[in-house]
Amino acid sequence: MLIEVRWHGRGGQGIVTVSRLLAQAALLDGKYVQAFPEFGPERRGAPVTGYTRISDKPIFVHSQIYNPNIVVVVDPTLIGRVNVAAGLAPKGFIVANSERRPEELEGILGVKDAKVYVVNAMKIALDVLGRPIYNTAMLGALLKAAPLTTMDSLIKVISERFPGAVGEKNIAVIKRAYEEAVGVE
Amino acid sequence: MLIEVRWHGRGGQGIVTVSRLLAQAALLDGKYVQAFPEFGPERRGAPVTGYTRISDKPIFVHSQIYNPNIVVVVDPTLIGRVNVAAGLAPKGFIVANSERRPEELEGILGVKDAKVYVVNAMKIALDVLGRPIYNTAMLGALLKAAPLTTMDSLIKVISERFPGAVGEKNIAVIKRAYEEAVGVE
Amino acid sequence: MVRLQDLPTEELFTSGHRLCAGCGAGTIMRMTMKALRGPTVVVNATGCVEVASTIYPYTSWKVSWVHIAFENTAAVASGIEAAYKVLRRKGLWNKDVDVIAIAGDGGTFDIGIQALSGALERGHDFLYICYDNEAYMNTGIQRSGATPHGAATTTSPAGRKIPGKPEFKKDLIGICVAHGIEYAATASPAYWNDYITKVRKALEVNGPAVIHVLAPCPVGMRFDPSKSIEFARLAVQTRYWPVYEVERGKYKLNIKVPQPKPLLEFLKMQGRFTHLFQPEAQRELGELQRWVDENWRRITALCGETT
Amino acid sequence: MVRLQDLPTEELFTSGHRLCAGCGAGTIMRMTMKALRGPTVVVNATGCVEVASTIYPYTSWKVSWVHIAFENTAAVASGIEAAYKVLRRKGLWNKDVDVIAIAGDGGTFDIGIQALSGALERGHDFLYICYDNEAYMNTGIQRSGATPHGAATTTSPAGRKIPGKPEFKKDLIGICVAHGIEYAATASPAYWNDYITKVRKALEVNGPAVIHVLAPCPVGMRFDPSKSIEFARLAVQTRYWPVYEVERGKYKLNIKVPQPKPLLEFLKMQGRFTHLFQPEAQRELGELQRWVDENWRRITALCGETT
Amino acid sequence: MSEKKPGWKSLPIGGYLLESGSAMKYKTGDWRAFKPIIDQKKCINCLLCWIYCPDSAIIRLEKYVDVNYDYCKGCGICANECPVKCITMVEEER
Amino acid sequence: MSEKKPGWKSLPIGGYLLESGSAMKYKTGDWRAFKPIIDQKKCINCLLCWIYCPDSAIIRLEKYVDVNYDYCKGCGICANECPVKCITMVEEER
Amino acid sequence: MGRVMGLTGNEAIAYAVKQCNVDVVAAYPITPQTIMVEVISEYVYNGEMDAEFVCVESEHSALSACIGASLTGARVFTATASQGLALMHEMLYIASGLRCPIVMGVANRALSAPLNIHGDHSDMMGSRDCGWIQIYAENSQEAYDWVIQAFKIAEDHRVLLPVSVNIDGFILSHSMERVEVLEDWEVSKFLPPRKPLITIDPTKPITVGALCLPDYYFEMKFQQIQALKESFKVISEVNAEYETLAERKYGFLETYAMDDAEAAIICLGSTAGTAKAVAADLRSKGKKVGVIKPWVYRPFPEEELVKALGDVKALAVLDKACSFGAPFNALCSDVITTLYRYGKDLNVFNCLHGLGGRDITPSDLKIIFDEALEVAKTGKKGYVKYIGVRE
Amino acid sequence: MGRVMGLTGNEAIAYAVKQCNVDVVAAYPITPQTIMVEVISEYVYNGEMDAEFVCVESEHSALSACIGASLTGARVFTATASQGLALMHEMLYIASGLRCPIVMGVANRALSAPLNIHGDHSDMMGSRDCGWIQIYAENSQEAYDWVIQAFKIAEDHRVLLPVSVNIDGFILSHSMERVEVLEDWEVSKFLPPRKPLITIDPTKPITVGALCLPDYYFEMKFQQIQALKESFKVISEVNAEYETLAERKYGFLETYAMDDAEAAIICLGSTAGTAKAVAADLRSKGKKVGVIKPWVYRPFPEEELVKALGDVKALAVLDKACSFGAPFNALCSDVITTLYRYGKDLNVFNCLHGLGGRDITPSDLKIIFDEALEVAKTGKKGYVKYIGVRE
Ligand SMILES: Cc1ncc(C[n+]2csc(CCOP(=O)(O)OP(=O)(O)O)c2C)c(N)n1
Ligand SMILES: Cc1ncc(C[n+]2csc(CCOP(=O)(O)OP(=O)(O)O)c2C)c(N)n1
Ligand code: SF4
Ligand code: SF4
Ligand code: SF4
Ligand code: SF4
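Protein chains in written order, with numbering that gives the first Met the number 0: chain R, 0 to 184; chain A, 0 to 184; chain F, 0 to 306; chain B, 0 to 306; chain E, 0 to 93; chain W, 0 to 93; chain U, 0 to 390; chain S, 0 to 390.
In isolation and in its complexed conformation, chain R is listed as follows (with noise of 0.2 Å):
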């Protein structure tokens, strides 16, 4: 099966980057895969969104990805502005970082046939990294709401990545994700 998802952020903030690493754990797994950035020239702050596709077979579709079955949402400032819920495919998932609770969100996001998971990934970006980096804590969270990969994938993918401390730190950040992210169905 094919999964497409559509990651939403500013520029600035590893859209690009964490479209790739959920790829590439996708492809530690065996998958195949395909992560792209919206081809666009935004700049630092400016909305963006990240592709991302997923497939236990080659994928040979190279267009853009209009109905994504999954919207992860990076920056919480977004919501309300951007229609991050845009396309979404039936039966598709909202995973959002957010200090609101899943059913508000469905409620802000107007979105009725989409499962909406949360997680406070700022929260956790200051406790565990000190910083306001949210892209890898979606990551987590994410692979709550649906098993696009597996957590040992994405650890390997983050310490290939970032070696040393930097990695463990984030590692630590996508497991608290996975523990506190919460969704309604």
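Derived by calculation from the structure, the hints in this document are not laboratory data. The structure presented is a predicted model; accordingly, all values stated were derived computationally and were not measured. Treat each hint with caution, since some may be false.
[Claimed, not checked] Straight-line Cα separation of at most 27 Å, DSSO-like style, residue types lysine-lysine; simulated pairs:
| # | chain 1 | residue 1 | chain 2 | residue 2 |
| --- | --- | --- | --- | --- |
| 1 | B | K89 | S | K194 |
| 2 | S | K365 | E | K4 |
| 3 | A | K56 | U | K286 |
Following the hints, complete the assembly by docking chains A, F, B, E, W, U and S with the ligands onto the known chain R.
Just chains A, F, B, E, W, U and S with the ligands now, kept in the frame of chain R:
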């Protein structure tokens, strides 16, 4: 009828100019013409050639001239060094700037089928212009050898191209060359 | 002398552009527009300012603005200037038009230097402004001829073998002055008064004039966006960026820095220099420091200053 | 100090080229080849020397010689230099190779200045020689950035409205020196000793060096071919062509001219200036004279000479 | 994505933009993560924030300045440069 | 024109010329309108003509110089530069 | 009959440019175009032409300056050849994309490497996709006539595209021929001062050269495609108006002896002249051969070509530029694809000739005609010949 | 199975370049190629790759430096896109004319004006005549594999021509995909250090770049034509050898579901992937459609194409670059002329798509397939469609 003329001289001796002056004069006579240089990067001092085509009818051909009807040798030092008679059409003419007699030249050039005309353009140029510029003199000699244009047209063209004293002197040169040119058949 | 109160409130470079938050080039564009004296055509090279200010169907420009390519800003400006000249002569146009070419350091120091050199030689009446953020920012922070020694960029990374850019920054003003132009100057947006005054002065020149202005880029130089102007001030105060002008070949130091702040303060605020503070990079750091000292000495000497 | 007797008799730039009779560039090429120190690759820009020396299937060169295009000589030299560097590092090549780029003034001042500027900035180890015949001679005497003010060329003719080139000659050495290179110099083939010494010196430099040598062109400047060297000498003796060198930014006047010959003598020998001696062109003549004076004053001042 | 954009027949040729300053229609306020709050009582109207703001997001008023939040990207230059420190950056709601 | 030139099969690729200095086969002596004649008795062998000749047409000999008329284009630089004026330019035969 | 002058192709174009009252000329010298620029600078320096001659430092800057100038509403000309055109390549697309009605004279010359200064079409053919209207002249007269018409076509608001007028390097550029010229006032009447549609008039500021993302770019390109389609009409109109003025008839292509031809040659530029001469000769010997010479190469005149082909059985397409690695060379591809579109069956073969100025002689052309006549019988087709290459 | 990595097209090419032990890289950054250059400079600055990275001041100089370097016998790589490729145009011809086996990565992008940074093929198509071997990859894996093969093909003494490996801008250049890579030693074995035929070794001096007049130029060009012909054989050999090494099969083109296809799409690069996906879908619904994807675009694989076409009745040719004013766009012209040469009758129509990065979606492709199936019945042909242009 289409007449093709090849001019021999050295870079810097006005070979292009004289090939064009002849064509200009023929234009005045209502003829169709082409005048073009040898297409090469040759420098001052090097042997060069120029070409003139004259016809009563529009000239369509744009290829090079391989078998000229007439060859004009502007620079006397070329004789014996460059095969000026190369490709000369049957019953062609050679008009040369030389101190020799035409018969003598005929021998040197080794031509049989061609008429040879000779003029001492050096002397004429030095006498009249005071400088070793031989090209216009050869127009007079050429006219004597073959009526490709008229003296009137030549005069008109020269006085347009070189207004004032220079033109007048060149006209004198042409006239004298016309007088002095001698040929053998 | 300019008073902020007297500057026009109208923005000829409007909000709604997509330069990064805190982009110094944005500040520079606004200041430039506040210095105009009449009908103006801006010719802009490909680069951050161009891309971020004119994403179809939006434009931030309220002057006529033209972008043709990356490397030919000065040539395009030449054509426009020549055209208005002949159109006026023929009575088909009746106004003075100021032509301002604006390009980044990449579009000036590297790929655009020939077009600039040619235009200076031909003596067109235009003002060329190079906003220098010291790298190709639009394409993602690649080194340019303006990148300082040792700085890390994506094509001169802080590598294990080579720690940042090995070469030194080109002397743009020196090159322009060698073209014998009437007016050339450096500037920093922190010193708005100096900059705006210079733009106005340069526009008055009959012939080519060049202004080379430091453009703080929080993304490419890696500092906090709120520090853009602080950066631009510190660059001057540490003698990294001498502010001077050259009128008819005569150098003048516009901002004296009798008691410079330590260069390290300036370097440390920027992520692109982080690696220089590793012990292995001591030599690079020293070379950079030496270059800054020597550059200051050379410029101030040309200005007839003794420091 | 060079002795003619000690120069090699072997000609690495052979007879049989098709430069015009009396071409100063031919003399310069020969002298250059006599100054070599070892295996050499010459990169030649399109122009008189290139065209006339390598008409297939003939070549006058006995060193490896490369011509790629008109505007990119310095870039090609960069690539060759870089290649030998890495091939040596990898053990695939084992000799020092001198890379000499040779271009006319058109290929240097105008269309090639960007490639040159870039190569200087990157610091490649090569020698760049600009033989300056002050116009595009190969294509038939068009103006270049090196053509002096007032000179008639086929694109700046002595017209009834505009009497010759309105602009002034670019300062190539000034531009190169602004790039902070280690060695730059001017030369005249009349002073063979000075020139050959400079080529040798420049080859010793580790990094880019530039030599700007006046190339007499009897055809384009319009004088008798036998006067080529006389022209080159007079240019120096009238202070038209200051002969100096710049080592690590330090200027030195190599040929002092305490009692200059009158500039008019130099101008009068050249057909390209004939029209300046018409009464209508008095202003142009004066401007040219002033430029020569000012240039001499500027250069000698830089050299610390008082004249 | 949703709204239909004009087609080739109605667009001006050459990609020319005939309406100058149209970028005003593009609000960059939502780029902002931090928001400048001006204490207008402390403001001395020196206009330094005004001249330095890259986004023309400072509005010049009679006695003090104000922020145009439609465009302010929240860079914080104004707060950093304010000589009397009357501007504070506060995190945007989320 | 007459002699058959090599075809694509035998020519080296890329227009490379593998024989350096082959221009020696191309005699430029016939460009000459004037011919330098050296009075070798007067020649002091200063070699100035040698270094200045653009065409390498001056031959260095033990005591004096000679001219290689195969290549001399007759520019007259040698005659002009000779410090003892031992070179005269005479018109070529015609 | 107009005034008769003896002009080379270069001079004819320069003379036309002067009469067209061009405002800005920015150009760089290169053989064999140089003389175009020289003559123009002479006009300007002598005060015979009130224009700014911007003597730029490279061809890239030449066209850049022209684009800038054209945007002000000025009438603009440039000229180049070979390496110069190649160096302009990037700017060619920008000039058409920004809809600048610049006219450019090209003295076609081979591209390096190896360096060669002689005439072939590889320069313009190597940039044939650039969105310009592209005209090839057979002789000086045509070069002159087309330059004057080119401005009118380019500046028409239904078109607003740049136009290149191509002449064969040396063969035309340096060959003096008889040219009938119009009087200045006639040209001025035919071609009044340019009336630009939109300019960068700074008192009514506009933005030119914005970044168009995937949401708009294709529409702009489609406008260009449409403008080229529109240009068919405009070219016809301009040809017609010019005919009443100059009494010389132009169109998209010229046909020679095609009426009952069995075999024909199609080619561009000066080769067509020689081909016509040879055709005349062969006709006199009873061989039914003809010649088709497109004047307008871009947009490619498909309909007119099909009409011109009539009942011809075999067609030799002469290309003077090599499309390395393509099935056929450029003109031949255009011809074959046109036949495909119109479902016309015809035996076509391709002759690559004249590269680097290799002369194409009447006897070469005779052989080609003979081969075409042969092909008309045998039906052999779809091959490429190389004229005059030594083994 | 090789080692699996997640690489974008840019990264895959850079990784291949590192493994190919390239000596000199001279390049200039431009979106969307930039990352290729960045990754390479990282390798060099980190000492992971022993090469000279010449960070030139423009693309013109980039290729110029590469030509110089290549003449020394070094292995040379460069990369560019769009305006950069256009600025190199002059040098492209020189690189092939001087027979320099340079490999160039191109992240294809639209040409200005208007400025657009997104993917289409106008850059490389606008220079398709330049005498290079031109390869288009569908994904990162192919980009990686072809770069390694490209050096071997280019440097073969029967070829000695430059090769461009093209990837769609953003769609491939910026999209991370699964890539199986070889080990360094495997690449080194497959591709030993370059053995140049002739170099500028100054101890055995030669002259490169002489002026060739009409008497020699055509012969040099004919040698290039022959080398491109020879390259067919060499490419096949290299493909075969690579297959034994990497267990991935390449050739001149890939066919997908063509066996009994009635209608097919032919296209280059990433679009072919989407087309294959759609074809699979349609096949599952019983529609007989297939896809042909040329890997090698120059020299154009005519014979292989004709073979691949089999008995297909209708063919949609998808072009991603506009040949303004030509009867058809580039790929379509090549296809139609190939059919002509082989006397093959087939209903072809041309779809211009994706200009300036306009996305081509599965539903677009479905419509095209449907139209092709329709055409297979109606026999309508020879027209051009514009996919997704707003009226
Ligand atoms: C011929 C060409 N090469 C490369 C590019 C890609 N490019 C566009 S902008 C740019 C960098 C601009 O750098 P700079 O001039 O310093 O301006 P900045 O982006 O820093 O404002 C580059 C490399 C291009 N547009 N055209
Ligand atoms: C891109 C390009 N533009 C123009 C030319 C034509 N061209 C060849 S050499 C030359 C002039 C050379 O002048 P210069 O560099 O001064 O050398 P000179 O001929 O005087 O020795 C010109 C314009 C060219 N070869 N390439
Ligand atoms: S990258 Fe730098 S210069 Fe470019 S918009 Fe961002 S802050 Fe400004
Ligand atoms: S034109 Fe001048 S520079 Fe060129 S070969 Fe002749 S004399 Fe030498
Ligand atoms: S935060 Fe930045 S953008 Fe916002 S008002 Fe202050 S200076 Fe302007
Ligand atoms: S005349 Fe000129 S070419 Fe002949 S030997 Fe003397 S200097 Fe040399």
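Results of checking the hints against the structure:
1. K89(B) <-> K194(S): The hint holds at about 15 Å.
2. K365(S) <-> K4(E): The given pair, whose Cα atoms are some 24 Å apart, holds under the 27 Å limit.
3. K56(A) <-> K286(U): It holds: about 22 Å lies between the C-alpha atoms, which stays within 27 Å.
When the structure is compared with the earlier hints, no violation turns up for any of them.
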